[in-house]
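As they're listed, the protein sequences go chains A and B.
Just so you know, the numbering used here puts 53 at position 53 of the first sequence, and the rest follows in order with no gaps.
Just so you know, the numbering used here puts 77 at position 77 of the second sequence, and the rest follows in order with no gaps.
Heads up, some of the hints might be wrong.
To be verified - DMTMM-like cross-link-like pairs, simulated, lysine to aspartate or glutamate; straight-line CA separation at most 20 angstroms:
| id | chain 1 | residue 1 | chain 2 | residue 2 |
| --- | --- | --- | --- | --- |
| 1 | B | Lys73 | A | Asp32 |
| 2 | B | Lys73 | A | Asp4 |
| 3 | B | Lys73 | B | Asp45 |
| 4 | B | Lys73 | A | Asp31 |
| 5 | A | Lys61 | B | Glu121 |
| 6 | A | Lys61 | B | Glu82 |
If you're looking for bench data, these hints aren't it; they were derived computationally from the structure.
What you are looking at is a predicted structure, and each value in this text was computed from that prediction instead of being measured.
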Amino acid sequence: MSLDVNTIFQIAGIGIIVAMIQTVLKQMGKDDWAQWVTLIGFIVILYMAATLIDDLFERIKQVFLYM
Amino acid sequence: MDILQIVGLGLSVTFLTLILKQRNPVFALVVSLIAGVFILLMMIDQIRLVMEMLKNMAQTAHLNNVYVATILKIIGIAYISEFGAQIAKDAGQGSMAGKIELAGKLIILVMAIPILTAIVETVMNLMPQVGGG
Numbered sequence: 001m002s003l004d005v006n007t008i009f010q011i012a013g014i015g016i017i018v019a020m021i022q023t024v025l026k027q028m029g030k031d032d033w034a035q036w037v038t039l040i041g042f043i044v045i046l047y048m049a050a051t052l053i054d055d056l057f058e059r060i061k062q063v064f065l066y067m
Numbered sequence: 001m002d003i004l005q006i007v008g009l010g011l012s013v014t015f016l017t018l019i020l021k022q023r024n025p026v027f028a029l030v031v032s033l034i035a036g037v038f039i040l041l042m043m044i045d046q047i048r049l050v051m052e053m054l055k056n057m058a059q060t061a062h063l064n065n066v067y068v069a070t071i072l073k074i075i076g077i078a079y080i081s082e083f084g085a086q087i088a089k090d091a092g093q094g095s096m097a098g099k100i101e102l103a104g105k106l107i108i109l110v111m112a113i114p115i116l117t118a119i120v121e122t123v124m125n126l127m128p129q130v131g132g133g
């Protein structure tokens, strides 16, 4: 059971930091940059999530769908 | 103790999601999705044990292999579609959750067609021929 639970906290940390950067950039008046930061953070997180979901689906295929 | 790990993970993810939801709802949703994936990954070894037991019992009873494989696939489809539907419901997309569940039900129904046909044929063979046949 050596699953890496750190990924969840990593993602939550990325979310909080991106929110902070967004607030700072908005207060500086650079709304378009804030938008880009949010988008790129979201893409990074989505990539990590996709990797994990792929892992889960492969396992499910192994357990349920072989024979 | 797996259950302690899972409950602790679930509680901490719940509070993290509460914090994240005020600032970035999408990120909160991704965090809860990944927590769900992790919990399923932890549970999949247990599910594998149960499936092995079912397969062994079926082999002892000399069941047809095709039917057992179909039943296992149906259970898997039920788990996966339930998981996806719950994620969609969490995001507030109730209609998308309904569609995922509908697709799961339909696929299960289609996969059960051979079993249903076999049952109907058996029953028809058992019944005495009615109507002067």
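Checked hints:
1. Lys73(B) <-> Asp32(A): Violated, at about 48 angstroms.
2. Lys73(B) <-> Asp4(A): violated (28 angstroms)
3. Lys73(B) <-> Asp45(B): holds (17 angstroms)
4. Lys73(B) <-> Asp31(A): violated (49 angstroms)
5. Lys61(A) <-> Glu121(B): violated (31 angstroms)
6. Lys61(A) <-> Glu82(B): Satisfied, since the Cα-Cα distance of roughly 16 angstroms is no more than 20 angstroms.
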